[in-house]
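These protein sequences, in sequence, are chains F and Y.
With the working numbering, letter number 35 in the first sequence gets 35, and the count goes up by one each step, no holes.
With the working numbering, letter number 60 in the second sequence gets 60, and the count goes up by one each step, no holes.
No lab work stands behind these hints: they were computed from the structure.
Keep in mind it's a predicted model, so treat the numbers as computed, not measured.
For every residue, glycine included, the Cβ atom is placed at its ideal position computed from N, Cα and C.
Incorrect hints may appear among the rest.
As the list claims (entries may be wrong) - Straight-line Cα separation of at most 27 Å, DSSO-like style, residue types lysine-lysine; simulated pairs: (1) 316(F) <-> 329(F); (2) 157(Y) <-> 86(F); (3) 142(Y) <-> 88(Y); (4) 88(Y) <-> 140(Y); (5) 157(Y) <-> 188(F); (6) 140(Y) <-> 188(F); (7) 176(F) <-> 247(F); (8) 32(F) <-> 88(Y); (9) 32(F) <-> 102(Y).
Unchecked claim - Pairwise CB distance ranges (calculated): (10) 153(Y) <-> 56(F): 21 to 29 Å; (11) 262(F) <-> 166(Y): 43 to 51 Å; (12) 271(F) <-> 166(Y): 36 to 44 Å; (13) 292(F) <-> 160(Y): 31 to 39 Å; (14) 259(F) <-> 166(Y): 37 to 45 Å.
As the list claims (entries may be wrong) - Under 8 Å between C-beta atoms, here's a sample of chain Y residues computed to sit facing chain F: (15) 1; (16) 16; (17) 24; (18) 74; (19) 75; (20) 79; (21) 82; (22) 84; (23) 93; (24) 94; (25) 103; (26) 107; (27) 119; (28) 136; (29) 139.
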Amino acid sequence: MYEYVLAPEQDVVISSRVRLSRNYEDLPFSPKLTPEYAEEVIERTVDAVFKTENGSAFTLLRMSELEEDARSRLVEHHLISYDLLKFVNRSAAMVSSAGTVTVMLNEEDHVRFQGLLPGLQLERSAEMALKLDEALEARYPFAFDHQWGFLTACPANTGTGMRASVILHLPALSAKGQMGAVMQTIAKLGLTIRGLYGEGSEAQGHLYQLSNQATLGRSEEDVIRALSAATSQIVEHERSMRESAEKKDMLQLQDRLMRSWGELMYARLMTAKEFMNRYSDIRYAASMGYLHAPLPGLDTLMMDVQPGSLGVRAGKLISPRESEILRAKILREELQALVAE
Amino acid sequence: MMCEDCGIRPAKFHLMTIINGDRVERNLCPTCMAKHQKQIPGIDFSNLAGILNSILENRSSRENEREDAEYEGLVCEQCGMTYAEFQKCGMLGCANCYQAFKTPLNALLQRVHGNTQHAGRVPGGVHSGTSIRMNIDRLKEKLQQAVADEEYEQAAKLRDTIRALSIQLERKESDIKVKPRDRLESNEEEGANDNV
Chain F
1 MYEYVLAPEQ DVVISSRVRL SRNYEDLPFS PKLTPEYAEE VIERTVDAVF KTENGSAFTL
61 LRMSELEEDA RSRLVEHHLI SYDLLKFVNR SAAMVSSAGT VTVMLNEEDH VRFQGLLPGL
121 QLERSAEMAL KLDEALEARY PFAFDHQWGF LTACPANTGT GMRASVILHL PALSAKGQMG
181 AVMQTIAKLG LTIRGLYGEG SEAQGHLYQL SNQATLGRSE EDVIRALSAA TSQIVEHERS
241 MRESAEKKDM LQLQDRLMRS WGELMYARLM TAKEFMNRYS DIRYAASMGY LHAPLPGLDT
301 LMMDVQPGSL GVRAGKLISP RESEILRAKI LREELQALVA E
Chain Y
1 MMCEDCGIRP AKFHLMTIIN GDRVERNLCP TCMAKHQKQI PGIDFSNLAG ILNSILENRS
61 SRENEREDAE YEGLVCEQCG MTYAEFQKCG MLGCANCYQA FKTPLNALLQ RVHGNTQHAG
121 RVPGGVHSGT SIRMNIDRLK EKLQQAVADE EYEQAAKLRD TIRALSIQLE RKESDIKVKP
181 RDRLESNEEE GANDNV
């Protein structure tokens, strides 16, 4: 018997993340940050984080010391931002053993705290990030202004310095062509929604990221509350679309979704893009109970077969074809194991 | 409403694209709109976007340009960054830049966030209830000053902010009353949920 706990709203919400941007008040910001100052940022933060209650759970990873695949793997697992890799020479990350808390160093801002949890758990994610923020500011003061709040390198983040976001899986809304309407409503609420994977406006795997836009003029609690409320509404909307698709023709829905299971079970070559579409189908099927696979397991597997993570797993540089072969093989084996348990 | 691409400029266009049968809509500013249009093969909208842009922003852009020219020469004494440099890279050089470029930044922050007054937590205030209260106190002082100076428009803005903050504070305090039990419950599932 495979036991697992479903996080709140995990049938639609894959994960919740809160990031806080901070800068040490006496050090120059990103554009003027010399290697010496960048090192000072790392030293201070490492010192302060290690001295916190759970400090020993963190590992320091300097981006310059990691292979390219290992860096990509961190991005694919949402432990660091893609932007951290724009500053590979100076940037670093402290990652907690559970992977739920990360401190990014020398990205666009000196320090970015991140709380990450499965499902819709924005409040707890925020609490985790704020707790670290409070512990650190007691040792080294962060740049702060009473009118403008926490000062960030880019004025678009100043104020709370907080970006809260959720990753949503919206196959039924997408199938019904409702995403346009959702996006319009979202924009009116001061929130933004965009495709998580894929270039431009294409949303691979029907995965979308919903986040707050403004950081100045609203409290952290207010933003979290508004984002949670909007997420809950989208969740309800998506669920009712799934139900109505089932009501309309359950056999056809099952047939369409389970064919993707068949492909994943027998394919010998699998591109990342094709996989995202198949993954969307089997996740949808699992949420409807057509397929007895645990959602948390599917989501972890999804991240594990992204290009960088595959490379780390292979332990060497692999060609695109080799990665398609390896992806197909891992999926066959691990999906089989997931449903067997 | 801000541009969904850059988040810096106000959105003026609603772009709808259909890719693999999925309809995707985005609200964009003229600059990002032009970038997007260039990616659509066969049609070059960049000119059209430019024309529309100049119509839409006609008056304000001329004013903006004049203002920008006025501020370009500003220099931050601490890090040496100029306002022109900031406009190019979009990032400030140090905490003091916020003071050095105060006037143009105020206008920029108003455009980006629709607000120029921080309402969140302040350092040292562990519970944000404290920070909201501190903000209210400070704003009340400002309000008195504004009334004394007969700046009624400013006073009205401050009054509205104070009102909004007071409502937040009330809500916050009523939240705290129910919180401990919630926390107990959520702590129990902690271990199980930490694996993703």
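Here's how the hints hold up against the structure:
1. Of the supplied pair hints, the one linking residue 316(F) and residue 329(F) holds, its CA atoms being roughly 17 Å apart against a limit of 27 Å.
2. Our distance criterion of 27 Å between C-alpha atoms is broken by residue 157(Y) and residue 86(F), whose separation comes to about 40 Å.
3. This hinted pair does not check out: residue 142(Y) and residue 88(Y) have alpha carbons roughly 34 Å apart, beyond 27 Å.
4. Distance restraint check for residue 88(Y) and residue 140(Y): the Cα-Cα separation of roughly 38 Å exceeds the 27 Å cut-off, and the hinted pair is therefore not satisfied.
5. At roughly 22 Å between alpha-carbon atoms, residue 157(Y) and residue 188(F) fall within 27 Å of each other, so this suggested pair holds.
6. For the proposed pair residue 140(Y) and residue 188(F), the alpha carbon gap of about 30 Å is over 27 Å, so the pair is violated.
7. With a CA separation close to 14 Å, the supplied pair residue 176(F) and residue 247(F) stays within the 27 Å bound.
8. Of the pairs offered as hints, the one joining residue 32(F) and residue 88(Y) holds, with about 14 Å between alpha carbons and a cut-off of 27 Å not exceeded.
9. Simply put, residue 32(F) and residue 102(Y) have alpha-carbon atoms about 19 Å apart, close enough for the 27 Å limit, and the pair holds.
10. The hinted window of 21 to 29 Å between residue 153(Y) and residue 56(F) is violated, with their beta carbons roughly 55 Å apart.
11. Distance hint check for residue 262(F) and residue 166(Y): the Cβ-Cβ separation is about 59 Å, which falls outside the suggested range of 43 to 51 Å.
12. Residue 271(F) and residue 166(Y) have their C-beta atoms about 55 Å apart, which leaves the hinted 36 to 44 Å range violated.
13. Checked against the given bound of 31 to 39 Å, the beta carbons of residue 292(F) and residue 160(Y), roughly 54 Å apart, lie outside it.
14. About 57 Å separates the C-beta atoms of residue 259(F) and residue 166(Y), a value inconsistent with the hinted range of 37 to 45 Å.
15. At its closest, the beta carbon of residue 1(Y) sits 6 Å from a beta carbon of chain F; the interface hint therefore holds under the 8 Å criterion.
16. For residue 16(Y), the interface hint holds, the least distance from its beta-carbon to any beta-carbon of chain F being 7 Å, beneath 8 Å.
17. Interface hint status for residue 24(Y): upheld, as the beta-carbon distance to the closest one in chain F is roughly 4 Å, under 8 Å.
18. With a least beta-carbon distance of about 14 Å to chain F, the hint placing residue 74(Y) at the interface is violated under the 8 Å criterion.
19. The beta carbon of residue 75(Y) comes no nearer than 13 Å to any beta carbon in chain F, farther than 8 Å, and the hint placing it at the interface is violated.
20. At about 5 Å, the closest approach between the beta carbon of residue 79(Y) and any beta carbon in chain F falls short of 8 Å, and the interface hint on this residue holds.
21. At its closest, the beta carbon of residue 82(Y) sits 11 Å from a beta carbon of chain F; the interface hint therefore is violated under the 8 Å criterion.
22. Against a cut-off of 8 Å between C-beta atoms, the interface hint on residue 84(Y) is violated, since the closest Cβ of chain F lies about 13 Å away.
23. Annotation: interface hint on residue 93(Y) holds; nearest CB of chain F at approximately 4 Å, less than 8 Å.
24. Against a cut-off of 8 Å between C-beta atoms, the interface hint on residue 94(Y) holds, since the closest Cβ of chain F lies about 5 Å away.
25. For residue 103(Y), the suggested interface contact is broken, since its CB lies about 13 Å from the closest CB of chain F, more than 8 Å.
26. The interface hint given for residue 107(Y) is broken, as the beta carbon of that residue sits about 11 Å from the closest beta carbon of chain F, more than 8 Å.
27. Residue-level restraint check for residue 119(Y) holds (minimum Cβ-Cβ distance to chain F is 5 Å; threshold 8 Å).
28. Violation of the interface hint for residue 136(Y) is found here, the shortest Cβ-Cβ separation to chain F being roughly 12 Å, above the 8 Å cut-off.
29. For residue 139(Y), the interface hint is violated, the least distance from its beta-carbon to any beta-carbon of chain F being 10 Å, above 8 Å.
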